[in-house]
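Engineer: If you read the sequences in order, they're chains R and Z. So for the first sequence, this note's numbering puts the first residue at 4; every next one is plus one. So for the second sequence, this note's numbering puts the first residue at 5; every next one is plus one.
Hints are supplied without guarantee of correctness; some may be wrong.
[Claimed, not checked] Quick list of simulated restraints, FRET-style, between CB atoms:
#1 Z:Ala-68 to R:Glu-42: 21 to 27 Å
#2 R:Arg-72 to Z:Ser-20: 25 to 31 Å
#3 Z:Ala-111 to R:Ser-97: 20 to 26 Å
[What the hints assert, rightly or not] Just a sample of chain Z residues kept apart from chain R, beta carbon distances all over 10 Å, derived:
#4 Thr-38
#5 Asp-45
#6 Ser-49
#7 Arg-73
#8 Trp-98
[Said to hold, decoys possible] Partial list, derived from the structure: chain R residues whose beta carbon lies under 10 Å from chain Z:
#9 Glu-10
#10 Arg-11
#11 Val-13
#12 Thr-16
#13 Trp-35
#14 Glu-101
#15 Thr-105
#16 Leu-107
#17 Asp-116
In short, the hints are calculated from the structure, not lab data. For each residue, glycine too, the CB sits at the ideal point set by N, CA and C.
The primary structure of each chain is shown beneath.
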Amino acid sequence: MATDRIERDVFITAPARRVWAALTEAEQLASWFGDAGAEVELRVGGRLTFRWRQHGTVHAVIERLEAPRFLSYRWALQSDEEPRPGNSTLVEFSLTDEAGGTRLSVVESGFADLEWPEAQQERHVRDNSSGWASELGELVAYVERQAA
Amino acid sequence: MTNWPRDAHAVMAALSDPTRQGLLDVLAARGGVTATEAAQDLPVSRQAIVKHLALLHRAGLVEAQRCGRDVRYTVQPAPLESAATWLLTVAAEWDRRLAVIKRIAEAE
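Chain R extracted, bound-state conformation:
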């Protein structure tokens, strides 16, 4: 049972190179992630920096890079922290050609590995402004099984 990962995908009516540009070019990245700009160092081990006016800066480090097919990075859960094991999750983007466009898939994983000292105050994590998903994940299915 995968309680530790989130998988989403979307079909885009555009070639992979355009989707890749939206994922990796700072100017485009800033329009879907961060509202105060982004910086991209596009190489393995390179840094991604996402800035928000209100919430500060989130840092990520690229782990794998295969243009225009695959990109993964590890990003810190809390703003203004360097990503390291225990405070970060892994985000993996895959681009697959399909008739008439590109399938973009994203997997975020590693939630169970996060450290959370008992005494620590609840702190703000990344921007998360939208409502709840209509689709239920495996964890919800599990909850329902437990409740049945």
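Take the given structure of chain R and dock chain Z to it, following the hints.
Structural biologist: Relative to the frame of chain R, chain Z by itself:
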């Protein structure tokens, strides 16, 4: 901004183990069990069950009630639900981001 629920990672870590998943299933199916009873239903020793129950208890996923010499454990669904809700908000946020990426890529 959402707050990472303090118990969410403990819940996910607790659930990442197949034996504990099986144990929760047994607890849910039987309503409440002692470690000895759970060991009858699962292919692990009573000692192992006791350890797993302690971990589930720390994660808030089971409640322990002493009855006589035994301790009876029941499932507490609230932490499961809060962890699930948190994961759903993260998933919804990815849906929103993917929708924006789609708009950008298709607009060029």
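Engineer: Indicate, hint by hint, whether the structure satisfies it.
Structural biologist: Right, here's what the structure says about each hint:
no.: 1; hint: Z:Ala-68 to R:Glu-42: 21 to 27 Å; verdict: 50 Å, violated
no.: 2; hint: R:Arg-72 to Z:Ser-20: 25 to 31 Å; verdict: 29 Å, holds
no.: 3; hint: Z:Ala-111 to R:Ser-97: 20 to 26 Å; verdict: 22 Å, holds
no.: 4; hint: Thr-38; verdict: 19 Å, holds
no.: 5; hint: Asp-45; verdict: 16 Å, holds
no.: 6; hint: Ser-49; verdict: 23 Å, holds
no.: 7; hint: Arg-73; verdict: 28 Å, holds
no.: 8; hint: Trp-98; verdict: 4 Å, violated
no.: 9; hint: Glu-10; verdict: 8 Å, holds
no.: 10; hint: Arg-11; verdict: 4 Å, holds
no.: 11; hint: Val-13; verdict: 4 Å, holds
no.: 12; hint: Thr-16; verdict: 5 Å, holds
no.: 13; hint: Trp-35; verdict: 4 Å, holds
no.: 14; hint: Glu-101; verdict: 13 Å, violated
no.: 15; hint: Thr-105; verdict: 8 Å, holds
no.: 16; hint: Leu-107; verdict: 6 Å, holds
no.: 17; hint: Asp-116; verdict: 8 Å, holds
In the structure shown, a violation is registered for the earlier hints numbered 1, 8, 14, in ascending order.
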